[in-house]
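Which chain is which? The protein sequence lines are H and E, in order.
Read in my numbering, the first sequence has 5 at position 5, and its numbers run on one by one without any break.
Read in my numbering, the second sequence has 261 at position 261, and its numbers run on one by one without any break.
Don't read these hints as lab results, they were simulated from the structure.
Take these hints with a grain of salt, some might be off.
[Unchecked claim] Here are the simulated SDA-like cross-link-like pairs (lysine to any residue), alpha carbons at most 20 Å apart as the crow flies:
| hint | chain 1 | residue 1 | chain 2 | residue 2 |
| --- | --- | --- | --- | --- |
| 1 | E | K200 | H | Q98 |
| 2 | H | K112 | E | K67 |
| 3 | E | K200 | H | K37 |
| 4 | H | K94 | E | K200 |
| 5 | H | K37 | E | I81 |
| 6 | E | K67 | H | S35 |
| 7 | H | K112 | E | P32 |
| 8 | H | K94 | H | R111 |
| 9 | E | K200 | H | T12 |
These numbers come from a predicted model, not from an experiment.
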Amino acid sequence: MGRQVSGPIPDTSVFDLRLSRRGRRLNRLCEALCSPKERDAFKRDEEAFMSRFRLTEAEKTLIRERDFQGLIEAGMNIYSMLKVGSATGNGLYKMGAQMRGETYEQFLATRKISGAT
Amino acid sequence: MARIVGGIGLSHVPSVGPVVDRNRTQEPAWKPLFDAYVPVREWLARMKPDVAIVVYNDHVADFTFDKYPTFALGVAETYAIGDEGFGTRPLPTVVGDEELSTHLAEALVYEHEFDLTICQELAVEHGFLVPMNLCFPHSENSWPVKAIPLQVNVIQHPLPTARRCFRLGQALRSAVESFHGDSRVVVLGTGGMSHQLQGKRFGFMNEKFDHWFMDELERDPAGLSGITHQKIMEDAGAEAVELIMWLTMRGAAHGKRVHRHYYAPMTTGMGLITFEG
Chain H
1 MGRQVSGPIP DTSVFDLRLS RRGRRLNRLC EALCSPKERD AFKRDEEAFM
51 SRFRLTEAEK TLIRERDFQG LIEAGMNIYS MLKVGSATGN GLYKMGAQMR
101 GETYEQFLAT RKISGAT
Chain E
1 MARIVGGIGL SHVPSVGPVV DRNRTQEPAW KPLFDAYVPV REWLARMKPD
51 VAIVVYNDHV ADFTFDKYPT FALGVAETYA IGDEGFGTRP LPTVVGDEEL
101 STHLAEALVY EHEFDLTICQ ELAVEHGFLV PMNLCFPHSE NSWPVKAIPL
151 QVNVIQHPLP TARRCFRLGQ ALRSAVESFH GDSRVVVLGT GGMSHQLQGK
201 RFGFMNEKFD HWFMDELERD PAGLSGITHQ KIMEDAGAEA VELIMWLTMR
251 GAAHGKRVHR HYYAPMTTGM GLITFEG
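Start from the sequences, fold in the hints, and give me the full structure.
So, in structure tokens, the structure goes:
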């Protein structure tokens with residue numbers, strides 16, 4: 001068996017079982033957001049919603065601060081994060097710009113055809 | 001005997017969904033993508049498939065990390081349109097092919113020893129629906145073909161190897177050909193191409209890699225299936241590992257290459273390649 005994942009890749013997170021275990025609470029919260037009822041509950045009272053999923057204080061802070069890179073490092077899967085992004089008015093490109101350390105406009109300027117959003 | 005009439009490798013970018021739903025396909029930024037599918041739809045009209053087997057991945061919509069199957073096959077009568085966190089798209093329910101998918105499950109597990117997760121209930125999302133939108137325009141209440149979802153874990157490592165995905169495609173071809181009905185089947189391998197959606201490397205693309213991948217997919221798919229996840233992630237971005245699903249399509253579709261297109265406007269290389277027969 002060859003090594004499929006053999007070493008770290010710069011500026012890249014590889015969502016493996018270690019990371020997935022670490023992000024268990026965060027990802028369960030995100031998974032719930034696939035229901036309109038739960039999205040309403042999240043938007044109505046984010047704090048209560050986070051407590052319901054037993055997030056640690058550090059995890060809650062990452063969501064409160066919309067710290068997307070921090071959430072990835074804490075084990076939130078990128079596709080889970082899209083659901084939190086959507087519920088908080090942060091689309092993929094906004095989250096991406098923040099992870100790159102750029103403004104949304106700066107990020108769009110790096111794209112070939114930025115109308116394809 | 002049922003047969004594979006063609007295979008299509010194509011990307012499943014989620015932003016395409018709302019573009020279809022809001023009739024924005026002719027906007028300048030999107031037109032090049034949709035124009036590429038005009039000849040593909042004409043070709044499909046000549047190939048007359050009854051069934052599309054869609055090799056795709058769920059993006060934490062109907063499958064969650066509580067239980068995330070490596071390979072999962074739908075055997076249901078119908079498949080609901082899923083809500084992946086942004087609401088349910090206004091699309092007709094997908095009609096499956098119970099008889100063919102039941103045969104595939106038995107043939108793949110017994111004959112080819114692929115131990116699949118079998119799904120009697122499965123809601124499909126953009127990984128499945130965007131490729132369907134691109135290839136098969138739907139009417140208000142129906143799709144022009146039946147469809148069978150074949151879900152692959154490409155989001156939580158350990159993922160199946162590229163070679164395993166290729167072999168699954170070869171097994172799928174043989175399983176289709178041993179079906180007693182006379183179905184005409186097209187296989188869609190979806191995902192990618194180059195993209196990375198997290199970290200400082202967000203937005204990374206590699207057009208050169210994407211063209212190389214399509215060259216090799218056509219020329220030497222067995223050789224290409226030796227590629228590691230590491231190599232794909234390094235060269236094309238962490239989320240580009242979805243490309244291993246194109247190898248399942250190519251394992252099933254042998255014939256000559258018919259169409260090829262590439263468009264990369266934002267953060268994902270959107271490739272398209274078709275094989276006939």
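Any hints from earlier that this structure breaks? Give me their numbers in increasing order, please. Structure breaks hints 2, 3.
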